[in-house]
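A.B. asks: Add chain B to chain A, keeping to what the hints say.
As a plain string of letters, each chain reads:
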Amino acid sequence: MAEMKTAAYICSGCGLGDKLDVPQLAKIAQKEGKMALVREHGFLCNAEGVQMIRDDIEKEEVTHICIAACSRRAKTDAFSFPTVAMTRANLREGVVWVVAEGTEHDEVRQEMADDYVRMACAELKKAKLPAGNPNHTHLKNLMVVGGGMSGMTAAFEAAEAGYEVILVEKQASLGGWAGKLWKRVPFKAPYAEPQETGASELAARVGSHPLIKVHLNTTVAETSGAPGRFAIKLAQESGSLTEVSVGAIVQATGFATYDINKLPELGGGLDHVVDHAGLEALAKASNGGAIKRHDGKEVKSVVFLQCAGQRDEKHLPYCSGHCCATSIKQAMYFKDANPEVSTVVVYDDLRVPGMGEDFYRSAQHKGVVFAKGKASKVETSGNGCRVNYRDLILDADNVIEADLVVLATGQVPSSGVDIAAWDKVTKEAEGGSEEAKQQKSELKSISILNLTYRQGPDIPKLKYGFADSHFICFPYETQRTGIYTAGPVRRPMDILQATEDATGAALKAIQAAENASLGRAAHPRAGDLSFPNVRLEGCTQCKRCTVECPFGAIDEDEKRFPLFNEQRCRRCGTCMGACPVRVISFENYSVDTVGSQIKAIEIPDEFSDKPRILVLACENDAYPALDMAGLSRIVYSAFVRIIPVRCLGSVNTIWITDALNSGYDGVMMMGCKKGDEYQCHFVKGSELAGYRMSKIGDTLTGMGLEPERVSTFEVAITDNQKVAGLINDYVAQLVEMGPSPMKGFG
Amino acid sequence: MSELNQKAVALYGNNFLKEVTERVEDGEWVSMCMQCGVCAGSCPLGPHWEHSPQKIFRMIMAGKRDEVLTSDSMWMCTSCYSCIVRCPRKLPITHIMHGLAHYANRLDVAPKGQPTRELARVFWNNLIKTGRVNELKFSLAVYFKDGFSQGIKNLLSMQVIALGLMKAKRLNPMEIIGGHKCKDVGGIQKMLAKAQEIEARRQIS
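Which chain is which? The protein sequence lines are A and B, in order. When we follow my numbering, the leftmost residue of the first sequence carries the number 1, and every step to the right adds one. When we follow my numbering, the leftmost residue of the second sequence carries the number 1, and every step to the right adds one.
Since the hints were made in silico from the structure, they are not lab data. C-beta atoms are modelled at their ideal positions from N, C-alpha and C, and glycine is treated no differently. Warning: the hint list may mix true and false statements.
What the hints assert, rightly or not - Each pair of labels, with its calculated beta carbon distance range: (1) A:349 x B:25: 52 to 60 Å; (2) A:160 x B:92: 49 to 57 Å; (3) A:380 x B:201: 40 to 48 Å.
Bound conformation, chain A alone (with noise of 0.2 Å):
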C-alpha cells in the first residue's frame, strides 16, 4: 500500500457555517489533526463537494480522509469511497443539533466541534482500509436440514434463486407433518375452508428440481467449518458416510407434539381421546366422509379442549399459535361430513391471527359451538367421554358427553441438544465424572447438526427451547453465523408461517454464501470487510475470546493459541474488549483508534466548570437514538465527547482507565437490554460490558475515584427523548460530585 496521505474535509452546510467557526475548525485539523491536506466545502454532499474528494482520492493520492459534516450514519450514499480509509466527525447530529441555541452557547458547542474533529483525526492516523478476509471461499450451495413443508420450501425457493441445495431428511419420504395432514387451514380468500394442504405436489417439485438433492433416511453427522466451507458428513440409515461441503445451513427441523400421556386430568392416554396429530389420522382414514373413531364407531360428538398442556407453567409455558385455528379445521371435517354431529370448541382465549377471523366465522356459520372455559376432568362415561369444565361466560361448572375429545396440544421444538445443560455436563466430564460422560454422549445422540464446535453441538436456544437468536432485530438469525432456522424450529408457527419463514431464511443463507465469498461480514454488520487481527506474539493464552465471543468464532489450534474461523465473525468485537493484553484488532476498529480519540480532546482544567463525560455508545441503537435525539433538536449538554462502538462487549477496560487518567470526570456506557429479553446484536454484548464494569469499581477505588464515574445504561433504538435526559441527568451528578481528582495528571 502506497504512503498514507490524510485529508480532511470540513463541511459548512446544513447551518455548520452559522453556528460554528469553520476556519478554526480547519486550523485544528492542519495544526493538531496534523492533516496533509484540509479543505472546507459549503455543501460537502453536493456532486461539487464529493468530487473534490474524489478529485483528491486520485490526483493528490490521498489515502485516509476525515469527513467533518453529518453523522457516520448520515449521507453514506454521497460519502462512500471504498478506496480510502475514512472517519466522520459528527458536527451536525452531534453539536449544532443538540447544543443549546444561543449566544451564550457559542463557546461551549465550538469545544465540542473542535473536539470532534481532533478525534476524527486522531481515529483517521490509526485506521487502515479493511483489505476483506483473505480466507474466503466459494460455496455458494446451501444444506437444507428437514424436509417437511419450512424445509421443502427453503430448499425449492433457494434452487430457484438459483442456488444449489442438499436437503436431508431423516425419514424415508418428504412432507414432515404437513404430509400427515388430511387439510390444512386456508391461506387464500375467502378463508372459509380447508384447503388441500400441497404437500405432496411440493414435495414431488423438490424431488425434481435439477438442483436440488434429495438425501432421505438421512442424518446430519458432523457439521464443521463456518460460512462458505460448511464441511458436512451425512449418515444414511444403511451406516454409510457421504462427505459434503456447503457455504449455509438452513435448520428446518420442526416440532414434535406434546405428549398427551402428561396430560392425564385432560384424559390422557383414554381411549376415546386424541390430539390434533391423531384426529388427523382419523381424518385422513375417513377420507371425506363421516370420520369414525379407533373402533369403528361413528363420531357424532366431538369435544375440542384447546391449550391443553399449553399456557401453562407444569406443561408449555406457550401458546403454540396455531392450535385454534386448526380445532376450528378439524371442528369443520365434522361439520362438512355430516352437519348433525355435535362440535364444541373449549376455548379460553381464542386466537386466530393474520384472517383467522374470517375462518372462524365460517365456523360459526357451520354451527360450530365455542365455549370460553377451562376443562377440569375429562373421564370416560359410558362408550365415550365426560368433559367436565368451568363455563367462564356463566361462571357455572358445566358437562358434555362426548364420543371424542380431541386435545389441542402444542409444538414442542426439535431443536437438538439443550447447550445449557451441555455445558453442565461438558464441565463434569472433563472433571472425571463418568455419570457426565454417560449423559454427555446421550445428549450427543439427539443432537441435530452435530456440529464441531467448541459451544457444543447444536443452536443455542432463546426460550422454552426454540433455537432463535433475536425476536426482533434479526428473524431467522441463530447464535452461529451461516446457520438460519426456520419454521417451528424457531418459534410456534403454522404452516402459511412457516413458508414465509423458510423463504427469509433461504435467502439469508444465500446472502451469507454469498457475504462469506467476498470476504464480508454477515449482519449486522453486513459488508464489513474488516475481520480481527491478532498478534499471536503478544497472546497469553487466557481464552477470553475463545469463550466469550457469542458466535463460536474462535477456536484454539493445538499450541492453545485462539484460532479465528473469520466467516463465523461478526465483527462485534467482543474478543477485543476481553483481551486483557489486546492483542486483537480490526484494521478500522482497534484498541488504539478508540483510544486515540479519548486522548484527542482538550481537557479544561477543574476550575473551568467544564466537566468533560466520555459516551461510549453502541453503533447499533444508542449512537442511532443520539441521531435521532439530534433530528428531533432535542438538546443535550454540551460537555459529553460521544464514540461511536460496535457493541459494548467490545469496550476493552483500557479505554475507560486511560478516559479517567486523562482527566474525563465521567464515562456512560450506553448498550441495548440484557439479560433474557436482550436486544443486544451481538447476543450478550451488553451483558458483558455490565460484567466486565462491576469489576472495575475496585480499580477506581484504588485511584481515589467515585465509582460512579463509571456507569452504564441501557438504551432502546426508540430511546430519543430519554437519551437526553440520562445525558443531563448523569451530567448534573458529576458536576455535584466535582470535578475529577485526576484532572492535570492526564
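C.D. replies: Chain B in isolation, oriented as in the chain A frame:
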C-alpha cells in the same frame, strides 16, 4: 307445559341452539356471537337484568333452554339499540331479544306477572279491539292488573293527574263506553288475522 312447548321439546331435544336458529326471529344470528361482552357492557339496564345478552347467547349455545326462556332479561330490554350499534359482529341483538321474548311468550313459558310482559299484553289486547289505543281503558287495565284494592289505591294516587288531564281536555271519561275507533276496524282485524296466518306457517306443525 303448553302443547307448543311439548312439540318443540320433542323436536329439538337438547339442541336449543338449533331451535333458536329455526324458530326465533333473527335467531340464526346467535351462533355468530363471539362472546366479547361488548353488548353486556353497553346495556344501560345491564345491572338490572338476570342475564346479559352475552350470557343469554352463551346459555343458548350451552343448551340451557329453560333458563333462557324463563329469564326476565329479554323483557327488560328498552330497545335503546346500544348493543346493535356496538356489536363487532353486527348481531341485531335488540331484535334477537324481542324474538326470544316473543317465542317464550308463545310457548307460554315467559315469567308470569313480569311487568313488561303484562304491560305489553294489556297494550296489545286494547289495541286490536278498535285499531286505536283507548288510553282510559288501557290505564285502568294497568292499574287493576294486580287486583281490585291495589287498583283503587293506584287510582287514588293518580287522581290529581287524571283531573288535570280532564281539565286540559286530554282525557275524556266518556271513552269508557266504547270509545272512538279507527275508520276501518274490520280491515285492521283482517290484516292481523293474515299476519297470524303467516306466523302460524313458521310454527311447529
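A.B. asks: Lying within 52 to 60 Å: is that true of the beta-carbon distance residue 349 of chain A to residue 25 of chain B?
C.D. replies: Cβ of residue 349 of chain A to Cβ of residue 25 of chain B: about 32 Å, so the range 52 to 60 Å is violated.
A.B. asks: Taking the CB of residue 160 of chain A and the CB of residue 92 of chain B, does the distance hold inside 49 to 57 Å?
C.D. replies: holds, 50 Å
A.B. asks: Could one say that the CB atoms of residue 380 of chain A and residue 201 of chain B fall in the range 40 to 48 Å?
C.D. replies: holds, 46 Å
Hint 1 from the list above is the single one not met by this structure.
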